[in-house]
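Student: Spelled out, the chains give:
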Amino acid sequence: MSLHRSVQRFLDLPLRMKFVWSFLVVILFGGLVSLFFGTRLEHKTIIGLAQAKVRHDLASAWMVYNEKLNDIRDIVLLNAGRDSVRAALLAGDRESLFRALVRVRRDFNLDILTITDRFGRVVQRTNPSGIFGDDQSADPLVSRALSKETVTATEIIPRPELLKEAPEFAERAYLKFIPTPMAAPRPEDHEENGMMLKGAAPVLDEQGKVLGVLYGGILLNQNYEIVDRVKEIVFKGEKYKGKEIGTVTIFQNDLRVSTNVTDAEGNRAIGTRVSQEVHDAVLRRGIPWVDRAFVVNHWYITAYEPIKNSGGEIIGMLYVGMLEKPYIDLRNSVMLTFTGIAALCTIILLIILFFITSSITNPLRRMVQATKRIAQGDLNHQVKIGFRDEIGQLADSFNQMTENLKLANENLLQWGKTLEKRVEERTKELRGMQDYLLQSEKLRSLGKMAAGVAHEINNPLTSILINTHLMLEKLEKRHEFYENLSLIADETSRCTEIVKGLLEFARQNPPQKTYTNINDIIERTTQLLENQASFQNVRIVKDLDPGLPAIKLDKNKIQQVFWNLLLNACEAMPKGGQLTISDSLSADKKWIVVRVADSGVGIPKENVNRLFDPFFTTKSSGTGLGLAVSYGIMQQHEGKIEINSEVGRGTVFILSFPVEDQREDSAKKGGTYE
Amino acid sequence: MNSQSKRRILVVDDEITVSKSIRQAILSDQYEVDMALSGEEALKKEAETSYDLIITDLMMPGISGLDLLKTLRAARPEVNVIMITGYPTIKTAVESVKLGAFDYLPKPFTPADLRGLVARAFKSVQAEDRDKGGVAGSRIPAGYYYMLGHTWLKVEEKERATVGVVPDFLKTVGIITQLELPKVNEAIMQGNVCGKITDADHFVHRIWSPASGRVIEVNTRLVSDFSLLRRDPFLSGFLFRIETGNLEEDLKGLLLAK
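Protein chains in written order, with the working numbering: chain A, -17 to 656; chain B, 854 to 1111.
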């Protein structure tokens, strides 16, 4: 599996598991590393201490060993100097020598005590064999004593020499090798020579001449005095689980000849041999060995040092060993304690972790549930967290958000309702706009048609007009057709006027807009109206807002509109009345609204809708184009024109001119204000 | 009066009844009137007989009135042309004047209207003959805009302008007996009637407005003293002052005196 997928799988775990796993990994890793290094350190310390102690113990063993050698030296030295011994040697009184020396051998627990003459020939042995006369001058110690030296050393004693003293010694020395797994191979299968602590001192006459040599010794083979003494002094007989903690061994070459190491049956393990490793290091190379070693059947912390004879040859080893088990057990118990503490800490940590993650994940879970409920539309749900940490704050924000969402939702609903209303309003407006467009389209096509008709009609009218006039010129005024012809001429002229109006209506001149105050136009128009003699009984009331903004208008066209409206209003009041013109800014400041109200006869409902249609007129002399033209002009100004009328009470024309857009428009073009 | 001394007039209109009516309206012992029913026919007849005056409809299939005018002005600049316009595209009418038409007349009209115009056209020819000696004061001052043979327009500051009659127009008018001027506040349109002059011969001469706008001042001195028109045509003899409505567009239809 790829690393990426493993990471992905980890990331997909629940939050708590992520925490647990992360902590566990850290703890385990840290624990293992510290355990590893701790163990190593501890091992080093404990084993190091043990090794130091073993070295020290070995030194103690040497002390005991050398003490024994010194004892022998003292014995031979003292007895060689005894007068009785000297006299008996001089006299050759073997009986006296035996008596004097045998007690010494017994008292001081020596195995041999033998005296030679000045040539090194044995005069008397203290053992019962009774053999004498053999030459011992080749013995290294004896030969040195003959030259007046007192010497001690550990020496290998060959079997014939042992037999000369006593067959018992040869028996003690004879050891069959017990097969030992890691021992170095040897051609022999037994040992027959002995190893002995030996000392020799010269016997001198009064002139200092050598009379002979006294030598004595202790056979080490199967003599456990030294090893047991060392054990007693150094280890004080301490035991660990029934086993001796300390062991001491004297090796003859690589063979255990004196030891308190026991085999499986509890017997002293003599006859077994040392391992090849130790053999090579200590016996071959003469290097002391301090390390753990498998001795007979247990691991020991051991120290080996070579034993040399008087010639400096390595002939054996002295060994001290401590059972490793107590240290290993100590180490293990320390390790166990450490591990136990670590495990305890981990458990405590996991428990804490459980609570911490709970305090994180529980609120989160609650929040997840809350979001689900909100998603389902329940906006009243609130998350309750008892504390004020980041999650608590998150929950507060979340609640705030929910609250806002709720408000927004309510607003949205409200807006929805408002929107519906607005759509309704706008639909109404659009319908109005549609009517307006329909009306303007009607006007446009009618305009086109009117222009065409006017053009076509002009030619026949020209002919009629010219010919009628020509006839009138020819006729006398009394002629019976003169009046008829005059009528024709007048009516033709009226047709001309109608055609003119039609063309006026049809003309689609773009308006020439300049910034104008609408009040000026109204003032000017009413002034013109006041000059008209026929409307003297109409009272004109003006209510104009002086604060109106200037807007872009075609003055002439708008004046024409007002003129048409005012004229219509006056004509609606044949018996006089009141004409009110007022203007003001709409509430939203987007429109200037002008109202032209009369107190005239009013317009029947069925006529109101047709009012702006071209040629619709209620007047006998009208062309029916005035309002249609006005409507067209208002359209060119993006304005509106509305009618409120009630029969018998009067009519109100309401004109609306847009304000804002034009102003922006002018700002772009850098238009000027008047 | 023999045919030699009679003025020869050609009436051009694609509608025969109109042509006939016009012919009858102006036919007299002074004028000999021919008719053509198309621009092509008119050019053919003009090539055969040199006419003194041509009255042509503006809107005709084939060679239009305006084309006819251009061709005639190029070939015989001395002949006067009166444009008759059925569908009063005033712009076209004003343009025709700029191109050298003597005047124009919107349909429908009475015989009197036409006769007055014709009489004025011939008077202008006599006046030109007289002018060959050179008469001072008839020159239009530099910076004045004018409709050839009709009115001038002096643009002043801030969309205001003065309107007057050029001397050439007055040369075609007899002794002035009556002057009709617009009222203050009245709206006027370029190419439309803005005043009328009646002379001793009872001819009514229409004055075409050189620009659109609203009258803001009328020359009251002129109403009591018509002689100012001829004595000081460009200053105190002005007709009225206007607030212009569409000056930029209007100036395109006018000539500028240099």
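Quick caveat, the hints were computed from the structure, so don't treat them as lab data.
These numbers were taken from a predicted model, which means no experiment stands behind them.
Among the hints, a few may not be true.
In the PhoX-like style, the derived pairs of lysine-lysine whose C-alpha atoms are separated by at most 20 Å in a straight line are [what the hints assert, rightly or not]: (1) B:K944 x B:K976; (2) A:K557 x A:K571; (3) B:K1024 x B:K976; (4) B:K1105 x A:K456; (5) A:K495 x B:K1011; (6) B:K873 x A:K534; (7) B:K873 x A:K495; (8) B:K1024 x B:K951.
Ranges between beta-carbon positions, derived for each pair [stated by the list, open to error]: (9) A:M453 x B:T1073: 40 to 48 Å; (10) A:M453 x B:E1039: 54 to 62 Å; (11) A:L469 x B:T1030: 53 to 61 Å; (12) B:R992 x A:S566: 48 to 56 Å; (13) B:E1039 x A:Q396: 55 to 63 Å; (14) A:M453 x B:I869: 53 to 61 Å; (15) A:S566 x B:R1074: 40 to 48 Å; (16) B:A927 x A:N466: 24 to 32 Å; (17) A:E620 x B:T902: 20 to 28 Å; (18) A:E462 x B:T1030: 45 to 53 Å; (19) A:E411 x B:T1073: 50 to 58 Å; (20) B:R1074 x A:E411: 50 to 58 Å.
Don't be surprised by glycine CBs; every beta carbon is placed ideally from N, CA and C.
Student: List, from low to high, the hint numbers that the structure doesn't satisfy.
Tutor: 1, 2, 4, 6, 7, 10, 11, 14, 16, 17 and 18
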